[in-house]
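In order, the protein sequences belong to chains V and B. If you read the first sequence in our numbering, its first letter stands for residue 7, the second for the next number, and so on. If you read the second sequence in our numbering, its first letter stands for residue 97, the second for the next number, and so on.
The hints are simulated quantities; they were obtained by calculation from the structure and are not laboratory data. Keep in mind that this is a model prediction, so the values were computed, not measured. The beta carbon of each residue, even a glycine, is placed where N, CA and C say it ideally should be. Among these hints, one or two may not hold up.
What the hints assert, rightly or not - Here are some, though not all, of the chain B residues that point toward chain V, as calculated from beta-carbon distances under 10 Å:
1) V107
2) A110
3) L114
4) A123
5) A130
6) L196
7) T240
8) A244
Stated by the list, open to error - Computed far set for chain B versus chain V, every beta-carbon distance over 12 Å:
9) P128
10) R157
11) E161
12) I168
13) P182
14) E191
15) N209
Claimed, not checked - So the derived label-pair ranges between C-beta atoms look like this:
16) B:S118 - V:R109: 21 to 31 Å
17) V:I78 - B:W178: 44 to 54 Å
18) V:S87 - B:D165: 49 to 59 Å
19) B:P204 - V:R109: 18 to 28 Å
20) V:G20 - B:A159: 18 to 28 Å
21) V:R109 - B:P177: 29 to 39 Å
22) B:A158 - V:S81: 36 to 46 Å
23) V:D119 - B:D165: 38 to 48 Å
24) V:P19 - B:R212: 38 to 48 Å
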Amino acid sequence: MQSRMTNPAFAVPGAMSALQAISQAAQANPAVSHQLHALVYLRASQINGCSVCVDMHAADLKKLGDTDRRIIAVSAWRETSWFTAPERAALALTEAVTRLSDRADPVPDAIWDEARAHFDDAALASLVLSIGMINIWNRLNAATRQIAGAWKAAA
Amino acid sequence: MPRIAHPAFAVPGAMDSLVALSKASKAVPGLPLALLELMHLRASQINGDGNNVNLHPRLARAAGETSEDRIISVASWRNTPWFSEPERAALALTEAVTRLDDRADPVPDEVWNEARRHYDEPVLAAMVLSLGLVNLWNRLHVATGQVAEPVKPAA
Numbered sequence: 007m008q009s010r011m012t013n014p015a016f017a018v019p020g021a022m023s024a025l026q027a028i029s030q031a032a033q034a035n036p037a038v039s040h041q042l043h044a045l046v047y048l049r050a051s052q053i054n055g056c057s058v059c060v061d062m063h064a065a066d067l068k069k070l071g072d073t074d075r076r077i078i079a080v081s082a083w084r085e086t087s088w089f090t091a092p093e094r095a096a097l098a099l100t101e102a103v104t105r106l107s108d109r110a111d112p113v114p115d116a117i118w119d120e121a122r123a124h125f126d127d128a129a130l131a132s133l134v135l136s137i138g139m140i141n142i143w144n145r146l147n148a149a150t151r152q153i154a155g156a157w158k159a160a161a
Numbered sequence: 097m098p099r100i101a102h103p104a105f106a107v108p109g110a111m112d113s114l115v116a117l118s119k120a121s122k123a124v125p126g127l128p129l130a131l132l133e134l135m136h137l138r139a140s141q142i143n144g145d146g147n148n149v150n151l152h153p154r155l156a157r158a159a160g161e162t163s164e165d166r167i168i169s170v171a172s173w174r175n176t177p178w179f180s181e182p183e184r185a186a187l188a189l190t191e192a193v194t195r196l197d198d199r200a201d202p203v204p205d206e207v208w209n210e211a212r213r214h215y216d217e218p219v220l221a222a223m224v225l226s227l228g229l230v231n232l233w234n235r236l237h238v239a240t241g242q243v244a245e246p247v248k249p250a251a
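Pulled out of the complex, with its shape left as it was, chain B reads as follows:
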């Protein structure tokens, strides 16, 4: 049982504006949308969001991800052969931007410059915005005790 109703539904106007932000972040040309779902999965693993860990593999498949190995191995991407250099840069950025709390230099130049080498500024801006948004969803879910539940196909 959740502690309270999902804030995105409980707060008037919240869902519409959250959806608008999601659409804005995904509308940037050149943004790799299947990778974005894997980034969301990785952030949600770090933040312990049962709801989103269950959801984002499905969204990744819907966005064109075909490899179960890659989906299963997102948490351990460093020690797999299945992610390209740009993907590794995006996943490293995901981890850094998700682990801000109480850290010195949480997003170091090394991680940022590697991401910048593979993505132009508009795409990087969309990625950072999207990482902020998934971190918000993670907080809504974990704080209020939203648990994983079966997701309808092609959600």
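So that you can see chain V by itself, here it is in the shape it has in the complex:
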């Protein structure tokens, strides 16, 4: 397996530092834990079929102390008892905001209001930015067909 070309994050001058700056901005709010960001990244990457990000963020979760049982269950979180109410709200929001294309009312009030019940405006803004960011990475990797495991060699 081979990628189609160099990842645009490396190929476009200035791209990587700007991408990292956006992520840092999104993750700076202590009301949203790094673990929750990683859960969000993993779920969006599963939906978008980004192998590099699925691999990377599952590993991140493990490093952050999350359990194999939870990490394996992220794609099926609804029918588990292992995620807290705020995590469930964030995962539902992640799915809705990731599945925008060609949908009527892709982010319905019920999902938004449930997220709003657990996070304040600033934390929600961070979460939404973070979901947008992983959707960029998923597109960079999926469009150029980056292969899981090859990321370190490219970096």
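Let chain V serve as the given structure and place chain B on it in line with the hints.
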């Protein structure tokens, strides 16, 4: 009324880094900037971003697009005589990269190779990065309920 303030403004440091990423993507020599705005328009149509659907025709004109037929017909470009082969390849790539969610082979070789035939790697990398970025903006706007509003000329 938006659900919350625009995350690009609400999250400290977000706007600066988003603008930096936009500048990096547009600085690549040979990138067709008016076409890029039409690509952003097409992605924003697919994602239902009222704000950006309103904005990008104006940015396309500012970047040199002179045909109202082309701007109006971006959503139905396949069935018009107004787009060149390279433009059609770029619009097909836009649609594929925007519709990643829950799809098998969302960016097929046929679409990728046709784009690659018309654009060199640096330009293609910038296009993919730019498509990722507009998909991020679409998510910020749709998730938080930012609606279309009048845009000042030459914005």
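Now for the hints, and whether the structure bears them out:
no. : hint                        : verdict
1   : V107                        : holds (5 Å)
2   : A110                        : holds (5 Å)
3   : L114                        : holds (6 Å)
4   : A123                        : holds (7 Å)
5   : A130                        : violated (19 Å)
6   : L196                        : holds (4 Å)
7   : T240                        : holds (6 Å)
8   : A244                        : violated (16 Å)
9   : P128                        : holds (16 Å)
10  : R157                        : holds (26 Å)
11  : E161                        : holds (23 Å)
12  : I168                        : holds (20 Å)
13  : P182                        : holds (17 Å)
14  : E191                        : violated (9 Å)
15  : N209                        : violated (9 Å)
16  : B:S118 - V:R109: 21 to 31 Å : holds (26 Å)
17  : V:I78 - B:W178: 44 to 54 Å  : holds (50 Å)
18  : V:S87 - B:D165: 49 to 59 Å  : holds (57 Å)
19  : B:P204 - V:R109: 18 to 28 Å : holds (22 Å)
20  : V:G20 - B:A159: 18 to 28 Å  : holds (20 Å)
21  : V:R109 - B:P177: 29 to 39 Å : holds (31 Å)
22  : B:A158 - V:S81: 36 to 46 Å  : holds (43 Å)
23  : V:D119 - B:D165: 38 to 48 Å : holds (42 Å)
24  : V:P19 - B:R212: 38 to 48 Å  : violated (21 Å)
The structure fails to meet hints 5, 8, 14, 15 and 24 from the earlier list, while all remaining hints are met.
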